[in-house]
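**Q** Chains as they are written, first to last, in my numbering: chain A, 1 to 265; chain B, 266 to 378.
It cannot be assumed that every hint is accurate.
[Claimed, not checked] Okay, derived cross-link-like pairs now, DMTMM-like style, lysine to aspartate or glutamate, Cα gap no bigger than 20 Å in a straight line: (1) B:358 <-> A:10; (2) B:343 <-> A:120; (3) A:111 <-> A:129; (4) B:358 <-> A:193; (5) B:343 <-> A:193; (6) A:133 <-> A:216.
Hint data in this document are derived by calculation from the structure and do not stem from the laboratory.
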Amino acid sequence: MSQMESQTNDTSVRNAFLTGARTVIPILLGIIPFGLITGVTAVNAGIPPLQAIAMSAIVFAGASQLAAIDLIGNTAPVAVVVVTAIIINLRHVMYSASIAPYFQRLSGPWKWLCAYGLTDQTYAVSLTEFRAKDYTPSTRKWFYLGAAITLWGTWQLGTIVGVVAGAQIPSGLSLEFAVPLTFIALLFPALEDRPTILAAIVAGALSVIAGVLPFDLGLVVATLGGITAGVAVGRRHGSFPTSTRSDEFTRDSESDADDEMGSTQ
Amino acid sequence: MTGYDPMTIWLVFFIVGIGTYALRLSFIILFGRLDDVPVWIEGVLRFVPPAALAALIVPAIISLSLGPSLGLVFEHEKVLAGAIATLVAWRTKRVLPTIGIGMLALWGLQLVL
């Protein structure tokens with residue numbers, strides 16, 4: 001950004017930051033209990049409080065944190081914990097690709113910082129805003145940071161309160177049940193069409209059967225099974241791959257897609 | 266309770282953290298060098314959230330036991346509370362009412378059943 005731009009944009013920068021922060025306030029209602037539960041389950045799984053708090057800053061991805069905490073509590077093999085958490089976070093590649101054009105003109109360090117703050121929620125509100133309104137690259141960055149920093153701070157605070165409260169909460173309250181409830185709430189917006197519904201049903205059914213597999217591999221196997229089922233039915237209906245962009249890659253890449261799916265089965 | 270020692274926990278957190286950061290950074294950094302993300306990758310990744318979330322939900326409510334005989338293990342209270350929460354999630358698509366009503370349903374059913 002040139003010096004002249006930075007002088008004239010002082011107010012619009014602050015406005016963009018505050019607008020970003022304000023836009024995510026309704027979302028915080030869902031983030032706070034999610035963060036609390038993450039903190040509580042982490043200490044209940046035997047993770048030391050300081051590490052449970054640090055986890056939210058290091059990983060900063062709720063669903064994968066909860067899955068990792070569960071597996072760590074079972075003393076699952078390290079490789080299984082890592083692979084499971086990474087698979088759950090694969091969706092961030094999609095967000096990264098989708099939001100990248102809006103960050104194209106940022107300098108390197110800003111790109112690295114913005115990437116750290118990329119979550120389901122920040123992605124969703126930012127993309128909606130960038131598509132609807134005319135932002136400059138600079139005000140765009142500040143809108144994004146306003147949303148990301150608000151969510152980040154709330155997530156850290158929620159985890160800290162959960163960690164502190166976790167030791168005091170009686171186990172008779174079955175508070176661990178709030179974890180699948182959180183995932184139920186997150187599942188429905190992800191059910192976009194028949195192939196995604198089928199992917200969820202197959203993964204859910206497989207997760208019960210694969211639950212008996214050694215090394216806590218059930219989640220990985222069930223997730224890959226669900227993805228495969230979704231892709232298979234999408235291909236049969238001719239709706240795979242579904243994308244909002246042009247389909248120039250589709251024809252060339254179909255054989256690659258076959259190879260990839262074959263190797264994961 | 267975990268059998269991990271604190272060093273192993275740090276190791277897991279840093280590997281998962283760096284891996285997750287790499288996923289977030291991937292196309293933000295690559296854009297301009299790679300033309301765009303191939304459509305088929307986007308097509309596959311679209312199925313990750315529904316599949317992973319369903320695979321996280323169901324085993325927390327129902328599990329399979331191999332011995333003494335093959336069968337499903339579950340608590341009626343959790344199955345019913347899960348069903349009620351599913352209805353709430355479906356109708357509202359909101360996190361807070363889903364958790365709130367689901368937990369209240371579980372506590373209520375635990376008192377009654």
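**Q** Does the structure break any of the earlier hints, and which numbers would those be?
**A** 1, 2, 5 and 6
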